[in-house]
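Enquirer: What follows is the residue order along each chain.
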Amino acid sequence: MQKDYNTLENIIRLPHKYAAGPIFTRFYDGLRAGKILGSTCPNCKKVLVPARSFCPQCHANLDEFVEVAQEGEVVSWAYSDKEFFGSPGKPPFITALIRLDGTGCNFLHLLGGDGLNTLENVQAKVKKGTRVKVVWNEDKIGRMLDIKYFEPVS
Amino acid sequence: MGRPVAIVGSGQTRHGRRFDVSYPELVKEAVDAVFENTGISPQDIDGVVSGTMPSMMEGVALTHFYFADVLRSVGKPILKTETCGSTGVSLAITGYYWIASGLADLVLVVGSEKMNEGDSQATMTTVVEPFYQRYFIAGAPGVFSMQCQEWSNRFGIPEDKVREAATRITIDHHNDAFDNPYAHIKKRLTPDEVNNARIITYPIRLWDVCPNSDGACAMLFASEKMAKKLGLKSAWVKGVGYSGEEYWFGDSEKAIWQCAIDAARQAYDMAGIKNPRKELDVAEVYNPFTYQEMLYYECFGFCGFGEACDLVLQGVFSREGELPCDPSGGTLCTNPIGATGLNRVAEAALQVTGQAGAHQIPGAKLGLAHAMGGVDQFNGVMILGSE
Amino acid sequence: MEKRAEYDVITDEVAIPYEVAYGPTWTRFFEGLKNEKIYGSKCEKCNRILVPARSYCPRCFVEIKNFIEVDQEGTVISWVLTEYEYFGMPTKPPFIGALIRLDGTDVNFLHLIGGFDLSDPDNVRKRVKNGMKVKALWNDDKKGTIMDIKYFTPVK
Numbered sequence: 001m002q003k004d005y006n007t008l009e010n011i012i013r014l015p016h017k018y019a020a021g022p023i024f025t026r027f028y029d030g031l032r033a034g035k036i037l038g039s040t041c042p043n044c045k046k047v048l049v050p051a052r053s054f055c056p057q058c059h060a061n062l063d064e065f066v067e068v069a070q071e072g073e074v075v076s077w078a079y080s081d082k083e084f085f086g087s088p089g090k091p092p093f094i095t096a097l098i099r100l101d102g103t104g105c106n107f108l109h110l111l112g113g114d115g116l117n118t119l120e121n122v123q124a125k126v127k128k129g130t131r132v133k134v135v136w137n138e139d140k141i142g143r144m145l146d147i148k149y150f151e152p153v154s
Numbered sequence: 001m002g003r004p005v006a007i008v009g010s011g012q013t014r015h016g017r018r019f020d021v022s023y024p025e026l027v028k029e030a031v032d033a034v035f036e037n038t039g040i041s042p043q044d045i046d047g048v049v050s051g052t053m054p055s056m057m058e059g060v061a062l063t064h065f066y067f068a069d070v071l072r073s074v075g076k077p078i079l080k081t082e083t084c085g086s087t088g089v090s091l092a093i094t095g096y097y098w099i100a101s102g103l104a105d106l107v108l109v110v111g112s113e114k115m116n117e118g119d120s121q122a123t124m125t126t127v128v129e130p131f132y133q134r135y136f137i138a139g140a141p142g143v144f145s146m147q148c149q150e151w152s153n154r155f156g157i158p159e160d161k162v163r164e165a166a167t168r169i170t171i172d173h174h175n176d177a178f179d180n181p182y183a184h185i186k187k188r189l190t191p192d193e194v195n196n197a198r199i200i201t202y203p204i205r206l207w208d209v210c211p212n213s214d215g216a217c218a219m220l221f222a223s224e225k226m227a228k229k230l231g232l233k234s235a236w237v238k239g240v241g242y243s244g245e246e247y248w249f250g251d252s253e254k255a256i257w258q259c260a261i262d263a264a265r266q267a268y269d270m271a272g273i274k275n276p277r278k279e280l281d282v283a284e285v286y287n288p289f290t291y292q293e294m295l296y297y298e299c300f301g302f303c304g305f306g307e308a309c310d311l312v313l314q315g316v317f318s319r320e321g322e323l324p325c326d327p328s329g330g331t332l333c334t335n336p337i338g339a340t341g342l343n344r345v346a347e348a349a350l351q352v353t354g355q356a357g358a359h360q361i362p363g364a365k366l367g368l369a370h371a372m373g374g375v376d377q378f379n380g381v382m383i384l385g386s387e
Numbered sequence: 001m002e003k004r005a006e007y008d009v010i011t012d013e014v015a016i017p018y019e020v021a022y023g024p025t026w027t028r029f030f031e032g033l034k035n036e037k038i039y040g041s042k043c044e045k046c047n048r049i050l051v052p053a054r055s056y057c058p059r060c061f062v063e064i065k066n067f068i069e070v071d072q073e074g075t076v077i078s079w080v081l082t083e084y085e086y087f088g089m090p091t092k093p094p095f096i097g098a099l100i101r102l103d104g105t106d107v108n109f110l111h112l113i114g115g116f117d118l119s120d121p122d123n124v125r126k127r128v129k130n131g132m133k134v135k136a137l138w139n140d141d142k143k144g145t146i147m148d149i150k151y152f153t154p155v156k
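Chains as they are written, first to last, in our numbering: chain E, 1 to 154; chain H, 1 to 387; chain C, 1 to 156.
Hints were generated in silico from the structure; no laboratory data involved. The model shown is predicted, which means the values in this text are computed figures rather than measured ones. Glycine is no exception: its CB is placed at the ideal position from the N, C-alpha and C atoms. Worth double-checking, as some hints may not be accurate.
Just some of the chain C residues that point at chain E, by a computed CB distance under 7 Å [as the list claims (entries may be wrong)]:
| hint | residue |
| --- | --- |
| 1 | 11 |
| 2 | 22 |
| 3 | 32 |
| 4 | 36 |
| 5 | 68 |
| 6 | 71 |
| 7 | 73 |
In silico negatives: residues of chain H with every beta carbon more than 10 Å from chain E [what the hints assert, rightly or not]:
| hint | residue |
| --- | --- |
| 8 | 14 |
| 9 | 18 |
| 10 | 20 |
| 11 | 25 |
| 12 | 36 |
| 13 | 118 |
| 14 | 197 |
| 15 | 230 |
Only chain E is shown next, with the shape it has when bound in the complex (with noise of 0.2 Å):
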């Protein structure tokens, strides 16, 4: 027997502060800049971006910062037209994992711009491989959002 009891309802708040420590604040800084900033493993000599202060793999440690290209290639994307309580952003918004060109891993950021606003538009214009580049915000505050998404490359 199926019965509906009371619920309550309740939302759990919790205050942070996240320390982003020495290479996050130099990323950062770098968005501040208009730059994006990946690092070199010596050992597997692949670039990791965001920059990072040992390879994953190698576990070698990385301290050396370099500029990455601003554009790259869709590997793979996700049109979302769902809003969920605290999401980032208000539907749709598409979520790509994108290979910046010369770099070793994926840079998981949005696509947006060039119609970029209904399922039928990212179908048709959105492949793997298609060509894409920053675009930029004009305020940068040193935030992952600095960059406001990449638009196909005409």
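Dock chains H and C against the given chain E, drawing on the hints supplied.
Expert: Frame of chain E, contents of chains H and C only:
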């Protein structure tokens, strides 16, 4: 019973407000230290155990995924253990099980917390269900104050005597912390300062309470075969015990605290300990609050019920006493919760291998490590020996 | 990059909504509170009367089907005066949390003690003693939550 298990090394971070590094970078500091201290290569480990207190302490759920890279776990199995305050000892027991079962020969065990990134008591409130207890718990200090009052009332210990013993404990430990390079709060306290400190949750005052610390601890657990091959100074796990009780705080007695008594008894039975006060050389008792440390002395059979205050005032559990407790300064001076219990195990291992430096108890061969978790609900004990 | 004591800090607040199901036992317990009754349950195996009411005994693991109204008076087992506040604290300090053994029951009931001035810890200490008798004081406006009991207040 399983295979013999050795602890072949540990690494602790500097503790405090660590906003000079991000959370994964803090964990990396402990992981790098254990590999550097032992000369072992990350490639040689068979698996990783990781844990924090409630994950949401730092706003990232399931922190072991967040730490996958710094834990050197790419391509290896990873387990998470999370039992609130007792997480650290639960982590050590998880590592112990993995080796004792014969399924691994070398396991990395890591505990961490970055308490200054969140609001610790607000997070702990989410450990408590929203129907009944959440209104009344008042964070960890509220729970422990009630336990203290229940205990002193049960054994008719005068309030002034409890205060005097608690004051002695906090002064001693904050002095001890000066000799522990990893300790967070080091301070020369006076009785007046302690007795007149502001009330947090009566009868608990400021210096009865552990700090919010950022820190991490990493340890390597090994099979006998691996320990012999490595040839490092090793501490051997002689006994483990873990016991819990009902969820609701009012359901079980907290003065004669059965889960603490049972956890110690399980570990003693396994280690063949009959008289812990005589046989143990050192104990790293989990002491987030002064009063609770005394309750543990009684539950662990270091003395009879109702006797701890007198013995503390006689110095039985001080650095030069019969059974030195928390020569590291303990949780009272350093409390990165998810790492705290593992710090107890690491400190006991340093003691029985003669590597504790300035706070070494001379000739220590048998040590106890302990942590408590849940809403005053779980206790875990590990006994370490030099052979 | 040069060493610094602090680098960039991201300030954030995590907020997550929940809708928590009461289920049959809590529903009936809280309906009891609305009617100024405190319900417990008796375990038929260990014969303990447990409060709040529940559907199983946590020690004997046997199912419990009964609801028993328990006494609204009891004895203070332990208490704590809370003076500090943290983010989102559901009850504002100062307040006294207490374990209360309601007459005829076998576990401690967690609630508040109140009804007098809490601003001075020394006064509170004189006023509140372990072993003293207290009784439930009800809120006029009852919502079917644990706070329908305003607090327990000393019995003269």
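Enquirer: Report the numbers of all earlier hints that the structure fails to satisfy, in ascending order.
Expert: 3, 4, 5, 6, 7, 9, 10, 11 and 13
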